[in-house]
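Number of protein chains: 2
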Amino acid sequence: MDTVLDEQNLVRNEEGDFRSEFLHAVEAALEAEDIAEVRSLTGDLHEGDLADLLELLKPEERDQLITQLGHEFNPAALSELDEGVRDQLLATLPAEVVADALQQLDTDDAVYLLEDLAEEDRNAILDQLPRLDQLTLKKSLEYPEDSAGRIMRTEVISVPPFWSVGQTIDFMRESEDLPDRFDEIFVVDPAFHLIGSVALNRLLRSKRHVNIEDITDHDLRPIQAESDQEDVAREFERYNLSSAPVVDQDNRLIGVITADDVVEVVQEEAEEDILRLAGVSSNTGMSDSVWGTTRQRFAWLLVNLATAILASYVISLFDATIEQMVALAVLMPIVASMGGNAGTQTMTVAVRALATRDLGRVNAFRVIGRETAVGLLNGLLFAILMALVTYFWFGRTDLGVIIALAMIVNLVVAGLAGILVPLGLNELGVDPAITSGVFVTTVTDVVGFFAFLGLAALWLL
Amino acid sequence: MDTVLDEQNLVRNEEGDFRSEFLHAVEAALEAEDIAEVRSLTGDLHEGDLADLLELLKPEERDQLITQLGHEFNPAALSELDEGVRDQLLATLPAEVVADALQQLDTDDAVYLLEDLAEEDRNAILDQLPRLDQLTLKKSLEYPEDSAGRIMRTEVISVPPFWSVGQTIDFMRESEDLPDRFDEIFVVDPAFHLIGSVALNRLLRSKRHVNIEDITDHDLRPIQAESDQEDVAREFERYNLSSAPVVDQDNRLIGVITADDVVEVVQEEAEEDILRLAGVSSNTGMSDSVWGTTRQRFAWLLVNLATAILASYVISLFDATIEQMVALAVLMPIVASMGGNAGTQTMTVAVRALATRDLGRVNAFRVIGRETAVGLLNGLLFAILMALVTYFWFGRTDLGVIIALAMIVNLVVAGLAGILVPLGLNELGVDPAITSGVFVTTVTDVVGFFAFLGLAALWLL
Chain A
1 MDTVLDEQNL
11 VRNEEGDFRS
21 EFLHAVEAAL
31 EAEDIAEVRS
41 LTGDLHEGDL
51 ADLLELLKPE
61 ERDQLITQLG
71 HEFNPAALSE
81 LDEGVRDQLL
91 ATLPAEVVAD
101 ALQQLDTDDA
111 VYLLEDLAEE
121 DRNAILDQLP
131 RLDQLTLKKS
141 LEYPEDSAGR
151 IMRTEVISVP
161 PFWSVGQTID
171 FMRESEDLPD
181 RFDEIFVVDP
191 AFHLIGSVAL
201 NRLLRSKRHV
211 NIEDITDHDL
221 RPIQAESDQE
231 DVAREFERYN
241 LSSAPVVDQD
251 NRLIGVITAD
261 DVVEVVQEEA
271 EEDILRLAGV
281 SSNTGMSDSV
291 WGTTRQRFAW
301 LLVNLATAIL
311 ASYVISLFDA
321 TIEQMVALAV
331 LMPIVASMGG
341 NAGTQTMTVA
351 VRALATRDLG
361 RVNAFRVIGR
371 ETAVGLLNGL
381 LFAILMALVT
391 YFWFGRTDLG
401 VIIALAMIVN
411 LVVAGLAGIL
421 VPLGLNELGV
431 DPAITSGVFV
441 TTVTDVVGFF
451 AFLGLAALWL
461 L
Chain B
1 MDTVLDEQNL
11 VRNEEGDFRS
21 EFLHAVEAAL
31 EAEDIAEVRS
41 LTGDLHEGDL
51 ADLLELLKPE
61 ERDQLITQLG
71 HEFNPAALSE
81 LDEGVRDQLL
91 ATLPAEVVAD
101 ALQQLDTDDA
111 VYLLEDLAEE
121 DRNAILDQLP
131 RLDQLTLKKS
141 LEYPEDSAGR
151 IMRTEVISVP
161 PFWSVGQTID
171 FMRESEDLPD
181 RFDEIFVVDP
191 AFHLIGSVAL
201 NRLLRSKRHV
211 NIEDITDHDL
221 RPIQAESDQE
231 DVAREFERYN
241 LSSAPVVDQD
251 NRLIGVITAD
261 DVVEVVQEEA
271 EEDILRLAGV
281 SSNTGMSDSV
291 WGTTRQRFAW
301 LLVNLATAIL
311 ASYVISLFDA
321 TIEQMVALAV
331 LMPIVASMGG
341 NAGTQTMTVA
351 VRALATRDLG
361 RVNAFRVIGR
371 ETAVGLLNGL
381 LFAILMALVT
391 YFWFGRTDLG
401 VIIALAMIVN
411 LVVAGLAGIL
421 VPLGLNELGV
431 DPAITSGVFV
441 TTVTDVVGFF
451 AFLGLAALWL
461 L
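Chains as they are written, first to last, in full-length UniProt numbering: chain A, 1 to 461; chain B, 1 to 461.
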């Protein structure tokens with residue numbers, strides 16, 4: 001245990017931040033090609049820390065580190081990398097090195113390394129592997145991206161129901177080729193159809209002569225290999241699973257997913273939603289290049305430009321009115337901005353609730369009603385506030401009334417748009433996290449400017 | 001397994017959405033006080049589905065359901081509820097019912113039920129429990145909110161290092177009071193100091209005469225009970241843990257955290273960040289009341305109003321210029337809006353990277369440099385675009401040049417603010433997810449209006 005603490009102290013401070021001193025020490029050793037020092041600094045690192053180190057290094061330093069570590073390089077670090085750094089490294093490492101790494105990994109980690117490679121590069125690597133490993137990996141890669149089949153481990157232990165506890169334990173004691181860690185065994189029929197599972201603690205507490213079928217737990221929640229990983233994560237969360245068997249369409253056992261895999265999935269999916277809501281592509285990392293980042297952000301900003309121009313067009317319809325009273329130009333962004341923020345609040349809650357299935361057809365009407373009411377209430381509150389501010393600022397009652405009315409209209413519309421847009425997109429099968437924002441802010445901008453300037457034009461005529 | 005599928009079909013459709021028909025059937029049975037029907041519909045539900053059902057019911061129906069289910073009510077559902085519904089139910093259920101439920105739960109779930117109750121209500125419930133359970137729960141509740149001590153299970157199995165495998169297995173076979181499921185046992189010294197762990201599969205595969213100390217895994221990552229759950233989640237993710245022992249300050253074993261608990265934590269923490277970024281309080285649920293929701297949203301909208309007024313004040317400084325050329329009023333929201341969106345993109349990436357520790361002092365300078373460069377590049381691209389749009393719309397070259405310059409300035413500032421604001425707040429110990437948004441959009445609004453209108457004022461003078 002002391003070694004764990006010491007090692008952590010070297011790499012990270014108490015807050016878990018990576019230490020600059022450590023990074024610089026590694027960089028210095030790499031530059032000096034002091035292989036002994038590189039190995040002594042990084043040879044014992046946990047794969048998670050080694051991956052973070054690789055991400056912090058410059059691209060050329062990453063290759064140097066792996067080359068200088070040689071056989072002391074822990075290939076598990078590769079499967080812990082951001083996609084960007086992973087792909088950069090796989091493109092530069094020799095196929096033999098990657099193939100060697102793959103053989104040391106569980107299937108799910110090996111698949112992560114291979115999945116985004118070009119057909120040709122992938123085959124070059126697979127060709128270096130023993131026949132059986134090749135087949136297993138090719139099989140896993142046939143499942144759709146982000147499916148249960150991709151994140152499962154195929155290393156499972158299965159026994160027939162008629163074995164005794166003693167036979168099962170002896171089988172495990174004698175087998176060489178068992179997974180590193182497993183917490184349950186599965187019970188299958190001769191055709192490998194899933195019958196149930198036995199947790200190891202149950203097995204341990206049973207007498208040797210007891211039959212497996214008598215301690216089999218049939219209350220499983222098997223996962224179809226084609227299921228989306230997001231659905232898998234929801235199953236784990238909803239039913240507090242610590243693991244779940246993965247089956248094919250014929251209910252034949254083909255793998256297992258454990259809660260520690262799901263931790264990564266939940267993190268990844270939530271990250272995706274957060275970034276998408278802000279208009280950022282989801283495979284963004286801190287180590288991306290300037291040009292790559294610029295391109296990723298450009299598309300969303302271009303969409304935003306179109307909506308901003310649309311809002312400006314609405315303003316231009318009232319240029320004569322604004323010319324008459326410049327105070328309108330001063331105040332109009334307030335109405336639009338309040339609508340945008342209120343709409344974003346509602347929309348974000350809705351997008352998350354759709355993702356966690358807390359919002360669906362079953363309660364859509366109730367939630368729409370609530371959001372409209374909330375928009376109306378906050379609209380009234382801010383209408384009063386803004387009417388007062390306007391009166392004291394510009395000394396005009398008419399302007400106060402106009403902005404108050406526009407505020408009410410826009411906050412009700414914001415609430416409605418914030419809930420209806422994500423619900424509608426979801427019904428259409430479009431990911432509401434990516435697209436809701438554009439629609440909602442377009443609506444609140446256009447309605448905000450139109451309501452405020454339109455009311456002003458009517459009143460002042 | 002068929003039963004599992006049938007049950008799922010009844011409650012949820014293939015997409016995992018809760019079925020309206022099922023909800024309505026339950027509501028009808030509750031209203032008719034048809035207890036047999038209520039029990040047959042909901043008596044066998046998994047706690048996760050039962051909790052979702054409770055959340056979908058109206059408050060008075062929730063009490064009815066629990067009362068009508070009587071002893072068939074599965075108390076585990078209570079610990080799966082949203083905070084709002086949980087607190088509503090705990091306030092109305094009799095203390096004996098809650099106490100009865102608590103005794104059937106693991107400590108971590110029991111703590112979740114009790115943690116937000118008023119001192120008085122909590123004691124009323126605890127008084128109904130056996131002395132030992134009272135002490136355990138009171139101890140757990142002493143740990144800070146959202147700490148490892150709150151989410152750990154105290155039910156662990158620990159053995160001395162000098163026991164043999166056989167002795168250990170016999171001990172487990174004979175003990176009555178073991179946790180429902182455990183996948184490893186811990187090795188401790190007589191004072192309960194943590195020495196290591198033995199995974200059950202390791203135990204099973206060892207001969208009976210082997211000593212525990214010879215198969216003990218010392219490479220643990222023990223977690224301090226006071227650690228924040230967010231740090232715990234990061235440890236699990238970084239090191240792919242499936243479980244971790246929790247220790248007190250003297251390194252004495254006091255509990256265990258497993259990956260399935262961490263799935264919930266990751267979900268909760270990511271949810272918190274998503275909602276906070278949009279200015280929504282994080283314990284928001286689909287079943288909150290109109291008034292509660294209005295209040296939650298009001299505070300953020302009020303802050304936004306203040307910043308919007310500040311931006312309007314900047315506009316008002318140039319009212320004479322706008323009077324001279326109304327096209328400025330038409331175009332100015334575009335500059336501000338592009339800056340706001342670009343700033344939000346950078347800020348969101350930064351807030352997430354800070355949360356996952358992918359961004360820290362070690363790479364702050366590099367990332368700041370990158371974001372400035374990205375801002376400049378996108379600024380240039382959109383400057384050209386907007387100059388063209390303006391020229392074709394208003395037929396004026398000078399206006400095109402002005403908006404192009406303002407765009408470059410604002411997108412560079414947006415990139416800088418997007419990264420510096422979260423970094424700065426983080427250094428000050430403030431959660432960047434809550435507060436970054438206000439600062440970033442204030443900066444981009446103010447700079448956007450100031451740059452565009454200021455340049456126009458200079459040019460047109």
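Among the hints, erroneous ones may be present.
Note: identical chains are not told apart, hence a pair may lie in one copy or across any two.
[Claimed, not checked] Computed cross-link-like contacts, SDA-like style, restricted to lysine to any residue with a CA-CA straight-line distance of at most 25 Å:
no.	residue 1	residue 2
1	K139	Q64
2	K138	D180
3	K207	I195
4	K58	L377
5	K138	D87
6	K138	S227
7	K58	T356
8	K207	S175
9	K207	F171
10	K58	R357
11	K58	T372
12	K58	F450
13	K139	I169
14	K138	D17
15	K139	D248
16	K207	I384
17	K58	R150
18	K207	R173
19	K139	G70
20	K58	D219
21	K58	A191
22	K58	R295
23	K139	L302
24	K139	A387
25	K139	F171
Think of the hints as simulated: they come from the structure by calculation, not from any bench. All of these numbers come straight from a predicted model, not from anything done at the bench.
* Asked: Which earlier hints can't be squared with this structure?
  -> As far as the earlier hints go, 1, 12, 13, 14, 16, 17, 19, 20, 21, 23, 24, 25 are violated by this structure, in ascending order.
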